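The hints should help you fit chain H onto chain B, whose structure is shown.
2 protein chains.
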Amino acid sequence: MAFDVFGTVVDWHGSITREVDAMKLGVDGDEFALAWRAGYRPAMQRVMSGELGWTVLDDLHRTMLDELLERFRIATLSEAQKRHLNKVWHRLDAWPDAVAGLGRLKARYTICTMSNGNIGLLADMAKHAGLPWDCILSAEVFRKYKPDPDTYLGVARTFDVEPREVMLAAAHHDDLEAARGCGLVTAYIERADEFGARRPKDVSPHPDNALHAQSIADLAPLLGC
Amino acid sequence: MAFDVFGTVVDWHGSITREVDAMKLGVDGDEFALAWRAGYRPAMQRVMSGELGWTVLDDLHRTMLDELLERFRIATLSEAQKRHLNKVWHRLDAWPDAVAGLGRLKARYTICTMSNGNIGLLADMAKHAGLPWDCILSAEVFRKYKPDPDTYLGVARTFDVEPREVMLAAAHHDDLEAARGCGLVTAYIERADEFGARRPKDVSPHPDNALHAQSIADLAPLLGC
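In order, the protein sequences belong to chains B and H.
4 is the number of the first residue of the first sequence in our numbering; add one for each residue after it.
4 is the number of the first residue of the second sequence in our numbering; add one for each residue after it.
Bear in mind the hints are in silico, worked out from the structure with no lab data behind them.
Here the structure is a predicted model, which means the values were calculated and not measured.
One should not assume that every hint holds.
Said to hold, decoys possible - Covered stretches of chain B (chain H as the covering partner; in silico rule of three or more C-beta atoms under 8 angstroms from a C-beta of chain H): (1) 161–169; (2) 201–213.
Unchecked claim - Cut-off 35 angstroms, straight-line C-alpha distance, at most; resulting in silico cross-link-like pairs (DSBU-like, lysine-lysine): (3) H:K147 with B:K147; (4) H:K90 with B:K147; (5) H:K147 with H:K90; (6) H:K90 with B:K109; (7) B:K109 with H:K130; (8) H:K109 with B:K130; (9) H:K204 with B:K90; (10) B:K130 with H:K27; (11) H:K130 with B:K130; (12) B:K147 with H:K109; (13) H:K109 with B:K85.
Built from N, CA and C at the ideal position, the CB exists for glycine as well.
So that you can see chain B by itself, here it is in the shape it has in the complex (with noise of 0.2 angstroms):
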């Protein structure tokens, strides 16, 4: 079982939110954590052009964040402090179902991250959050993101399995149908306050998803655990 982790496994709206918020920059933390995430798919976009070399999401995080600092006129961090910011991405909050969900998949299946995060960054939160892990699968190990199908075919490849044996956990759907193009079974899992709780998301279930759950603790059962 392959986990999508930002926003499927980790609050990072709320955790963002929060750390900006305690932070007394004077700007909204929200519309800050906002921004943030928006620039994430540009930026992929432009390694996966060929753009740019092959560049690790910590180093997207980074250049976004300079761009957001100037766009929101914060001029008072030092070197250090922008730094410790960029890494607010490896102390995201987990979902508060997900621990107790995961470890319960844990004792029935091999479960693993398949995220656009680093490894430094994925097992620096699993640290963060307690996320029983049994492997830390990254983009940065196929060197390409998703929704690229090296990325899903890579899990399989990884466990010498056949795609149809994975099956891979997300919040978003367009994450989903890629990976099920690649002949992985999906799982939706509902995240409707991952923008933050004053704009729900729609959670609509795809018909072709094989499973639809409202958590992580609730695909537990779904699946015998």
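Positioned in the frame of chain B, the structure of chain H alone reads:
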């Protein structure tokens, strides 16, 4: 803290001897295990010299296994049985102290593998033996085999720390020496029985190691755990 795995954390010789003996192939499991392991360095050397392109250890093991089956005149195995036997490296048992020792170290440090085993091999082994890694790092991540500097320095880069902030623990002085050459701190783990109790290995201390421990359980208190 990064750990060498084969011989340091798990008992490859005992595990393979036991499994081969249990297969009743009419060969001596101890001799078979030693012969298989003897092919390890030459096989990796073919990759590191460029004679072979990047090849994961599972595939190198399979090439060696096919040669061994001929040399030991074993002609009775089906393809499925050969594939299963090749994965004995995924099913190695931990040294008796390893799980508890790693658990204690994990409470204070980030503990990862730095092994020439491929990611899937190490993940399966962790699941089999109960090894509580925070992160599985492998030659496969860096596409270089130890003792290439990219592997040791890759651990530091993965966690965005200086090489001197990483400790490598291993039962092999040559591995530790190469790590020190990259600036890592090193801990030697005695595993006198690595090649079987009948062939005790010289486990004399080397003065350049920061620490010398009889086992991983023994290493923990030396690090305040």
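Results for each hint:
1. Closer than 8 angstroms: that is the beta-carbon criterion, and the region 161–169 of chain B has 3 residues meeting it against chain H, so the requirement of 3 holds.
2. Figure legend: the region 201–213 of chain B, annotated as covered by chain H; annotation inconsistent (0 residues with Cβ-Cβ distances under 8 angstroms, at least 3 required).
3. Only pairs whose Cα atoms come within 35 angstroms are accepted, and H:K147 paired with B:K147 is accepted, the gap being roughly 19 angstroms.
4. Using a Cα cut-off of 35 angstroms, the hinted pair H:K90 and B:K147 holds, with the two alpha carbons roughly 28 angstroms apart.
5. As the CA atoms of H:K147 and H:K90 are separated by approximately 21 angstroms, the hinted pair is consistent with the 35 angstroms bound.
6. Proposed proximity of H:K90 and B:K109 is supported: the alpha carbons are some 21 angstroms apart, at most 35 angstroms.
7. Distance check on the hinted pair: B:K109 and H:K130 sit about 9 angstroms apart at the alpha-carbon level, within 35 angstroms; holds.
8. Proximity of H:K109 to B:K130 is assessed by CA-CA distance (about 9 angstroms); at most 35 angstroms being required, the pair is judged to hold.
9. For the proposed pair H:K204 and B:K90, the alpha carbon gap of about 44 angstroms is over 35 angstroms, so the pair is violated.
10. At most 35 angstroms may separate the alpha-carbon atoms for a hinted pair to count; B:K130 and H:K27 exceed this at roughly 44 angstroms.
11. The hinted pair formed by H:K130 and B:K130 meets the criterion: a straight-line CA distance of about 18 angstroms does not exceed 35 angstroms.
12. The hinted pair formed by B:K147 and H:K109 meets the criterion: a straight-line CA distance of about 30 angstroms does not exceed 35 angstroms.
13. About 28 angstroms separates the Cα atoms of H:K109 and B:K85, which keeps this hinted pair within 35 angstroms; it holds.
Violated hints for the displayed structure, listed by number in ascending order: 2, 9 and 10.
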